[in-house]
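As they're listed, the protein sequences go chains A and B. End of the first sequence = 114 in the working numbering, gap-free, step of one. End of the second sequence = 232 in the working numbering, gap-free, step of one.
A few of these clues could be false.
Footprint (simulated), chain B over chain A, 3 or more residues, beta carbon under 8 angstroms [claimed, not checked]:
1) 44 to 52
2) 101 to 107
From the structure, some residues in chain B lie toward chain A, with a derived Cβ separation under 10 angstroms [unchecked claim]:
3) 120
4) 127
5) 128
6) 142
7) 143
8) 146
9) 157
10) 173
11) 181
12) 208
13) 211
14) 220
15) 226
16) 232
What the hints contain is simulated information worked out from the structure, not anything from laboratory work. Everything numeric in this text was worked out from a predicted model, so none of it was measured. Glycine residues also receive a C-beta, built at the ideal position from the N, C-alpha and C atoms.
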Amino acid sequence: AQSVTQLGSHVSVSEGALVLLRCNYSSSVPPYLFWYVQYPNQGLQLLLKYTSAATLVKGINGFEAEFKKSETSFHLTKPSAHMSDAAEYFCAVSGSQAGTALIFGKGTTLSVSS
Amino acid sequence: GAVVSQHPSWVICKSGTSVKIECRSLDFQATTMFWYRQFPKQSLMLMATSNEGSKATYEQGVEKDKFLINHASLTLSTLTVTSAHPEDSSFYICSARQSSGSSYNEQFFGPGTRLTVL
Numbered sequence: 001a002q003s004v005t006q007l008g009s010h011v012s013v014s015e016g017a018l019v020l021l022r023c024n025y026s027s028s029v030p031p032y033l034f035w036y037v038q039y040p041n042q043g044l045q046l047l048l049k050y051t052s053a054a055t056l057v058k059g060i061n062g063f064e065a066e067f068k069k070s071e072t073s074f075h076l077t078k079p080s081a082h083m084s085d086a087a088e089y090f091c092a093v094s095g096s097q098a099g100t101a102l103i104f105g106k107g108t109t110l111s112v113s114s
Numbered sequence: 115g116a117v118v119s120q121h122p123s124w125v126i127c128k129s130g131t132s133v134k135i136e137c138r139s140l141d142f143q144a145t146t147m148f149w150y151r152q153f154p155k156q157s158l159m160l161m162a163t164s165n166e167g168s169k170a171t172y173e174q175g176v177e178k179d180k181f182l183i184n185h186a187s188l189t190l191s192t193l194t195v196t197s198a199h200p201e202d203s204s205f206y207i208c209s210a211r212q213s214s215g216s217s218y219n220e221q222f223f224g225p226g227t228r229l230t231v232l
C-alpha cells in the first residue's frame, strides 16, 4: 500500500522568502514521486517528478525536490517565492509499474504576501 | 504536446438527470485513463482506472452503476454520472497515461469539469 502525508495544510511566506512544502511517503515498492500545482478551478500541472534517477530533482518555475529514502521524504523547495506561486500543491506517489494510479496527499495551500 | 482535454468544463443539471463528461488525449495515445473526484479544498480521490477496450476498475466505495466509465478508444474515455443528485456535485478530473514515448508512464491531467446538480 502507498500513502502520502503533506505536513501543513497551509503555508504562508513573504515574497522573496524560501518556500518549503513537506511531503512524506509510505510505499512497499520503489516509489515514483510527484509534485503538482493546482490553480483555482483548474487541473493539475506537473512541477517535477522522481523516478529513481537523480535524488535531487529540478522542476519548472524554479522548484526542486530531494528524494531522501532514509527519511521517506520528498520535500518541495524554491529559494525565492513569487506572488504567482500562490496555489495549491499536491504531493503524489505511485508504483513504478505501468498503469499504477497516483495517490495524492491532502494538499498544501501556499500563500505569498508582498 | 501531451495535452488532455475535458468537455464540458462546467455543467449544471437537475437532480435525476444523467451527465456525460469526456476526457480526450489530444496528441498521444492513452491505454490507461484515470478519473478523480475533488471536493472543495480537498485532495483528489481516485474513482476508477479505465483501460482501453476493457471494463473499468473502480475504487472501493465508488458505485460502478452510478459512475459509468467507457474507454472505447486510445484517445477517449467518458464518465457518465447517472441519476445525478446534489451530493454528486464536485470537480471531476481525468488523467491519461501515455502509452509510449519519452513520457511513458507519466500521467497528464485534464483541466477538470465542475458538476453542479440542483
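For each hint, the structure was consulted:
1. Counting residues of the stretch 44 to 52 of chain A whose beta carbon lies closer than 8 angstroms to any beta carbon of chain B gives 4, which reaches the threshold of three, so the coverage claim holds.
2. Coverage of the stretch 101 to 107 of chain A by chain B holds in this model, with 7 residues showing a Cβ closer than 8 angstroms to a Cβ of that chain against a need of three.
3. At a threshold of 10 angstroms, the smallest CB-CB gap from residue 120(B) to chain A is about 8 angstroms, leaving the interface hint in force.
4. Given the 10 angstroms rule on beta carbons, the hint for residue 127(B) is violated: about 18 angstroms separates it from the nearest Cβ of chain A.
5. For residue 128(B), the suggested interface contact is broken, since its CB lies about 22 angstroms from the closest CB of chain A, more than 10 angstroms.
6. Of the supplied interface hints, the one on residue 142(B) is violated, with its beta-carbon coming no nearer than about 15 angstroms to a beta-carbon of chain A, more than 10 angstroms.
7. The interface hint given for residue 143(B) is broken, as the beta carbon of that residue sits about 14 angstroms from the closest beta carbon of chain A, more than 10 angstroms.
8. Checking residue 146(B) against chain A: minimum C-beta separation of about 5 angstroms stays under 10 angstroms; hint holds.
9. This hint holds: residue 157(B) has a C-beta 5 angstroms from the nearest C-beta of chain A, less than the 10 angstroms allowed.
10. A least Cβ separation of about 9 angstroms between residue 173(B) and chain A falls short of the 10 angstroms threshold, and the interface hint therefore holds.
11. Annotation: residue 181(B) was flagged as interfacial toward chain A, and the flag is violated, the nearest CB pair being 15 angstroms apart, outside 10 angstroms.
12. Annotation: interface hint on residue 208(B) holds; nearest CB of chain A at approximately 9 angstroms, less than 10 angstroms.
13. Given hint, residue 211(B) at the interface with chain A, holds; its Cβ is 7 angstroms from that chain's nearest Cβ, closer than 10 angstroms.
14. A distance limit of 10 angstroms between C-beta atoms decides the matter here; for residue 220(B) the minimum to chain A is near 7 angstroms, and the interface restraint holds.
15. With 10 angstroms as the threshold, the beta carbon of residue 226(B) comes within range of chain A, its nearest partner Cβ sitting at about 5 angstroms, so the hint holds.
16. The closest approach between the C-beta of residue 232(B) and any C-beta of chain A is roughly 19 angstroms, which is over the 10 angstroms cut-off, so the hint fails.
Hint compliance for this structure: hints 4, 5, 6, 7, 11, 16 are not met, and every other hint is.
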